[in-house]
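Number of protein chains: 2
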Amino acid sequence: MQVITAVQALKQYIRVLKERRSTIGLVPTMGALHEGHLSLVRQAKKENDAVVVSIFVNPLQFGKNEDFSRYPRTFDNDCNILSQEGVNIVFNPGASEMYPDGFCTAVIPESLEDKLCGKSRPGHFRGVAVVVLKLFNLIQPDVAYFGQKDFQQTVVIRRIVSDLNAGVTIKVLPTIRDQNGLALSSRNAYLSETERNDALCLYQALIRAQSLVKTGIVNTEEMVREMEKIISQSKSATIDYISVVNPETLESVQKAQSGDVVALAVRIGKTRLIDNVILTIYEQPILSDT
Amino acid sequence: MQVITAVQALKQYIRVLKERRSTIGLVPTMGALHEGHLSLVRQAKKENDAVVVSIFVNPLQFGKNEDFSRYPRTFDNDCNILSQEGVNIVFNPGASEMYPDGFCTAVIPESLEDKLCGKSRPGHFRGVAVVVLKLFNLIQPDVAYFGQKDFQQTVVIRRIVSDLNAGVTIKVLPTIRDQNGLALSSRNAYLSETERNDALCLYQALIRAQSLVKTGIVNTEEMVREMEKIISQSKSATIDYISVVNPETLESVQKAQSGDVVALAVRIGKTRLIDNVILTIYEQPILSDT
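Residue numbers (full-length UniProt numbering), protein chains in the order written: chain A, 1 to 290; chain B, 1 to 290.
Fair warning: there could be bad hints in the mix.
Same chains, same names: a pair is fine if it fits in one copy or spans any two.
[What the hints assert, rightly or not] Once the Cα atoms are required to be at most 20 Å apart in a straight line, the calculated EDC-like pairs of lysine to aspartate or glutamate come out as:
| no. | residue 1 | residue 2 |
| --- | --- | --- |
| 1 | K119 | E66 |
| 2 | K18 | E193 |
| 3 | K18 | D142 |
| 4 | K45 | E228 |
| 5 | K255 | D67 |
| 6 | K18 | E66 |
No lab work stands behind these hints, which were simulated from the structure alone.
With the sequences and hints as input, model every part of the structure.
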């Protein structure tokens, strides 16, 4: 496994892969790897000749008062894991390698960036958009892999890839959860034991939403009220948002349909967590009048 | 020569070229071709296995009160010329092919877009940035060719290519002028005979700036005053801006150096024209004291 920190060196490795006509799978990460990331790496490994994992805590996607400086960094451990998974290249650039002096280009998913998480994280998604586009241009992957947990991120990335004709296939894999249902996240490391227990309310609320629609309750106001009840039972929880949205436009819907996404962000103590489910609504059997 | 209007068809042609490992030269245009464009096409032809010329009057780079609807369109004639030049592909998409419903991604060269032409053409350079990035992603050229006449455009494009690691070599070729010095531009078609004569003041002013610095007058305030004098002699001329700038940052300089660019925009009647020169300042011989 090659660990590369310089853009120029990365370009050379990619050129060699392209000359050999190797297909490339990319898993962009901020490190602090968990089983969620590894599910992406394993899928990438299955489907491509070569796998590149980027580890870059991207300053542009953190707000001024967010957790950039204390975001978990476990680089050596990450590399050990990735090496065991048979990853070919780890790209771990410094910030000045990605954003040299004079850098001034913004990539803005205009109708998507002020919705859901964008409201409380202004600038976050343009930070995501620009770094992902840079990684795509540098690594030229055939397929890039993302986790469903970061739902809005996946919508933004699909949008910019389509809008800019970036020519990368985006695959989104299911959220990986612990045995209690908590979505794996590098930020779970911030949680105390009590908070980790409180954090289960996110998934419990989502499960409740899913079961409501299966019983025919598709009015999203009612769904959200029920979810709020569940979350309010956790002492350390403060709701940022709960929303049922169209999975492409991220517009709120009034009546939930199959394929809509229930997304939420909740602060557990000082830790902001997100989670979501894609709704499946079984057709009700039509009862005969006779 | 293939004339292609659909993105999907273009992708297939490009895939074939890439499989053959053909190098690709791209000349992005808005049509209404003149010798300036053809100098780019000929250079592209010399240096690449295949040449793609895009003809797309990009609505995103026109302001609401600008000349999008009346911009000259001479498609059949353009194709005849390009066919004679041995161009391989003309890409002529419709606006909905480039910007389908839901399109919402902006690419913004933040510190460059509000300078020079950007002041009187808000939004112009983000329109240029997004269409050029799309063309680069679709066509994957080894080299893309632009004319020096659109100086700020070349600076913006170099910047976004560098910032986003787009991996395309940008070549900027000299401005082509008529026998009187008028820079060739599709918009010259708007000029009456009198206006065409008045329009010579742009280049005359630039020539004056160049000769001033060669005599040691590098104070840009003085240079601009002298240029204003020349332009004010043309009845139909209204100055938009005259500026001496650093060729990368586009910041105005107080004392001109070799490599700085004198750029101007002048309205001749209702037609806004631009032109520029790159300053060359010969070193003064150092006189001996003895």
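(message) Going through the numbered hints above, which ones does this structure break? Give me the numbers in ascending order.
(response) Violated hints (numbers, rising): 2, 4, 5 and 6; every other hint is consistent with the structure.
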